[in-house]
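Q: Residue-level listing of the chains:
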Amino acid sequence: MIVVYLLIIIAGYRDVRCEMSKPALFSLHQALKRSFHSLEQNQKVWNSVLEECGPLMGSLGNLAEQLLALHGVKIPSTPLARFSDLQDRLRFKLLLAVDTVLEKLAEKMCSLQSVRDAVGNQVTAAFQVYEQHADTVDLVTCLQRAAAVPSIADMLEWLQDAEGYYRQQYLRRKALLQALKPNDLADLQSTPKRWEALATPEREDSVSDTLLRVSFFMDSP
Amino acid sequence: MMRMKVLPLDIGDAGTQRCRLGPGLMASLGLRIASPVHITISGGECLCIAWPRCDLAEGFLQFDTKCTTKDLKAINFNDLSVSAKQIRAICTQKLKSVRVNVVVQSIEVKKHSSSSFIHDHVKEMLRGMCVAGQYVVDVSHLKTQVELILIEHLDPCCTDAGFVTSKTSVNIGEIQTLNNYRCQLQKPSSILLGGLEDVCASLKEILNLPLCYPGTLQKLGLSCPKGVLLIGPPGVGKTMLVRCVVMEVGASLVTVNGPVILGSRPGESEENLRRMFKRASEAAQEGPCVLFIDEIDSICPRRTGSTSAPQNRVVAQLLTLMDGIGSDERFVIIGATNQPDTLDPALRRPGRFDREVIIGVPTLHQRKSILDVLSSKMSLSDNVDFVALAEMTTGYVGADLSALCREAALQAILRGSQDSQSHTVDMKHFLEALKKVQPSCLRSSIGLTDFKPISWDQIGGLEDVKLKLKQSIEWPMKFPEAFIRLGLSRPRGILLYGPPGCAKTTLVKAAASSSHCAFLSVSGADLFSPFVGDSEKTLAQLFRQARACAPSVLFLDEIDSILGSRSDSRAPHSVQARMLSVLLNELDGVGLKIQERRGTQRTNCQLEGSIEFQQERQMDYQEVCNKDVMIVAATNRPDALDSALLRPGRLDKIIYVPSPDMEARLAILEICTKRMPLESDVCLEALAQQTHLFSGADLENLCKEAALLTLQEESMEASSIKHKYFIKSLQSMTPSLKDQQIDRYKHLFTS
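Quick mapping for you: the protein sequence lines, in order, are chains A and B.
Oh and the first sequence: position 47 is 47 in full-length UniProt numbering, straight run, nothing missing.
Oh and the second sequence: position 74 is 74 in full-length UniProt numbering, straight run, nothing missing.
Since the hints were derived computationally from the structure, they do not count as laboratory data.
This one's a predicted model, so the numbers in the text were calculated from it and none came from an experiment.
A virtual CB, placed ideally from N, CA and C, is assigned to each residue, including glycine.
Be careful, since some hints might not be right.
Cross-link-like lysine to aspartate or glutamate pairs, in silico, DMTMM-like; alpha carbons within 25 Å at most [unchecked claim]:
1. B:94 x A:161
2. A:174 x B:356
3. A:108 x B:124
Output of the computed footprint for chain A on chain B, the stretches with three or more beta carbons under 8 Å from beta carbons of chain A [to be verified]:
4. 32-41
5. 47-54
6. 117-130
7. 386-398
8. 670-679
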C-alpha cells in the first residue's frame, strides 16, 4: 500500500514539475525560435555578401597580375619610351585601384562582422534563457524529441555550431586580408585562390540543414 | 563504479571544446547542457563543456582536447577507459582579464605581424571558451598563423577556471614560435655520461661562450668559434655527448643526417642542406642553437677529380654555408665522424671547424666511471667489482659496456631462480656476459682469433721459458706498482725462436689466456694482398686497432715469412722489406697519430691514504704500465730476420725455446698420456730416455701411434696400452730434430 501511495505522490510531484516547467519550456522555445529566425535572415545576408566579395577578389587578383606585368616590362625599350614617367604613373593608378578594391572589401568584412555579431548575440541570448530556466527544465525534458519539435539540447547545439561556423569563417577571412603585403605581388596574385579555399561548403550546408530541420518548429505558433 | 570507454571525437565537434557524455551520467554529476567539466585523464587534465550524446547512449566518453594541461599532449586515447570519478563539474566565473603567451607558426609571423593584429586574433579565438591557468589552448584547427595559446594568469585569480567573454581583456605576454615551444617542452631527461667529463667540459665551454655571452666576446673584438668537429671511433658516445651538452646548455638542437640530406635529383641535396641551415638560423634567432651533423664524412668526403661532380657540389655548398654564418648569429655547428681522414681538408680549418675534439677509446679510469654510471640503476650484489671488470674490458667502448651490462642483467633474469623475486646482478653474470660481448673495435679486425684457452700446466717442461714469458706479459698487468717502483717498463716485443714443434705457439696461447688482454694473431695469409701498398696498410691498421684496445698482445707467427731482411740483396724493394719498415715504425716510431689520443692527464684530488685513493693509484699504475701493444713473434729461422728488428727497444726479449731435455720429455709424455689408460708396465722414464732429439710434437705423435697400434694389434675392445706398443711405434719413428740443427740455434746469438 505504502509503495502505491509513494508512487502516486511521485507521479503527482512529476506532474507538478511538468506544470512548473511548462511556461519555462514555452519561453525557451520562443527564444530558440527567435534565434533561428535571426539565423535564417543572417544566413541570407552572409551568403549575398560573400557572393559580392567574389568579383572583388577577382579584380584584386587581376590588379596584382597587372602590377606584376608592369614590374616586368621595360618601357624605355618600347615605343612608349617618350612618356618618361609612364611606369610610375601606371603603378600609381594600379595601386589606387587596389586601394579602392581593398576599401570595398573592408566594407564587406564589416557587414560579415555584423552578421557574425548578430548570430553570436542571438545564440548568447538563447543560452541565457536556457540558463535562467535550467533549474526548472530538467535534463530529461531537454532531451525529449518529437516529430515536429527537435530536443532543446539538439537545437542549442545546432545554434552553437552555426555561430562557431560564422566566427571561424570571419576569423580566417580577416586573417587572410590582414596578412596581405603590398610589395609581395605574387602573394597578392594568389589571394583569390586562397580566399576560395577558405570556404567550407560542408559546414555551410550544415547551417542550411539546421534551418530545414527546425522549419516545422519555426512555423509552429 | 561504471567505467566509460573513450572514443575518438566526432569531426563536427572538433574545436568546440565539447565533451560528450551520456545523459544519465550528466544528471548524476549535476551537469546541465554546456556547463564546464574537468576531466583528469592519463596524467593530464582537460577542460571541457558538457553536452549530452546525440544517441543518448551511456558508457562512452568523447572529448575535445582543445584546452588541456601541457602534459596531456600527444597521448593516444585508444583503448582507454575512465571512471566517473575522473570527471567533475566545476563552477566558473566570467573573467575580467587573462594574460596569455602565444605560440605562432613561424618566425616570419612573429616578425611581421603587428601586435594589435595578434591581440585581436587571440581575443577572438578565446571568446566563449572555458580556460584555466597554466592550460594550453590548441587553436591549430582554425588553420591560422596562431597555433597555441598558453594561459598564464587569470583575473579574478581565485577561480580555478573561467569563461572568456567579449568583455574580458586579453594581455599578450610573449610570442614564440612552435619549434621553440616544442624544444622547451622536451623534458630535460638526464643523460648520464661516464668518463667524458673533460671532453664534456671543453665542449660546453666552446658552446657557452658564443651562445650565452655574445656581448662580451663582441666587446673584446673576438669572433666566436663556430664549429666543432668530434672525432672518435664508433660507440664512444659522440652523439650522446652532443645531446647531453646541448641539453645542459639549454640550446635547441637541429640534427642533420647524411642519408637524409642526399637526394636523387641533381641539386636536391644542396637544397636540403640549405634548408637545414635555414632552420638552424631561424631557431638561432630565438635562442642558442646547435646544428649537429652526424656522420659528416658521408656528406663531406674528400673532393676528387671530375668523377663525382654531384658529391663535390654538396661539399662546396656545405663550405659556403659554413662561411656564410654571420658572427651575430648564435649558432654553432658540431660535426661528428669516425673517419676524419676521409673529410675534405677544406673543412678542417679555423673558421669552419675551429676546434677538433678527439674522444678516444676509454681508458681504465673512464671504463670504470662508465660502468658506474651504467649500473647506477641496476640492482647489484656486493661481490661485483668494477675495478676488476674495467681491467678485463680492455678495448671496450661505451656502447660495448652498455651491451655488457644489458647482457649481464639478461643473464641474471634467465639464470636467476624463478621463485626469488629480487633479481640482483652478480659478478658471475658479468663474467658470463663478458664471453658473449666482444669489444666492437676488434670486431672488424683481421687478427681476431678464437682459440681454446690453454693453461700453463698443459705445457710440459720449459719452466724457465714459461717464467720469462710470465715476467714479460703477466707481471706488468698483475704487479704494475712494483714495475713502476723499480723503474721497469714492460718489454716492447718478444721473439720466441727454436726448432719446430717445440710448443712456441702453444706457449703464446697459454700466455694470452692467462692474462686478460686482447689477443690478435696474424699470419702471412691475412696480410699479403696482390695490391701494392695494401699489405702495409693492413699491418698499420692492425697496430692501430691493437693500440685502441691496449694492453694487447699481437702475435706474429712465422715472422720470417712475413718480414724479409734488408740485407737480403735479392729483392731490395720486395713486399717483405716494406712490411719490415712498417713494423719497425710501429714498434718505435716518433709518436702516434693525433686521432689515437686516449684520455687526458688527470689530477688527483683525493686525500692520500684513503682506500679509494689506493685503488686509484693502483689503476693509475696499471694504465701507465700497460698502455702499449706487445709484439710476440715466433720463428724457427731467426737467422733470416733483419738485425734492426732484434735490437733492444724492438723485439728486445729474445727467448730460445729449446728442444725438450730428458725431464721435459717426461713431463710432456705424462701430459700426453694423461687421458690414455696405460698398462702398469709402461715406464715413461725409459721412454723419455730413449726419445732423445724428439720434439714435443713428436712425443705427442708417439703416444697416438702407440694407442692406434694397440687397437690394430689387439681388438677394438682393447682397454689399455702396453709398453711394447710404445717401443714398437718408437722404432718406426725418427726424431724430427738433428743435433747439428740444435747446435746452430744454440750458438746463433752467443757467437
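Q: Determine for every hint whether it applies to the structure shown.
A: Outcome of the hint check:
no., hint, in the structure
1, B:94 x A:161, "holds, 22 Å"
2, A:174 x B:356, "violated, 53 Å"
3, A:108 x B:124, "holds, 19 Å"
4, 32-41, "holds (count 3)"
5, 47-54, "holds (count 3)"
6, 117-130, "holds (count 5)"
7, 386-398, "violated (count 0)"
8, 670-679, "violated (count 0)"
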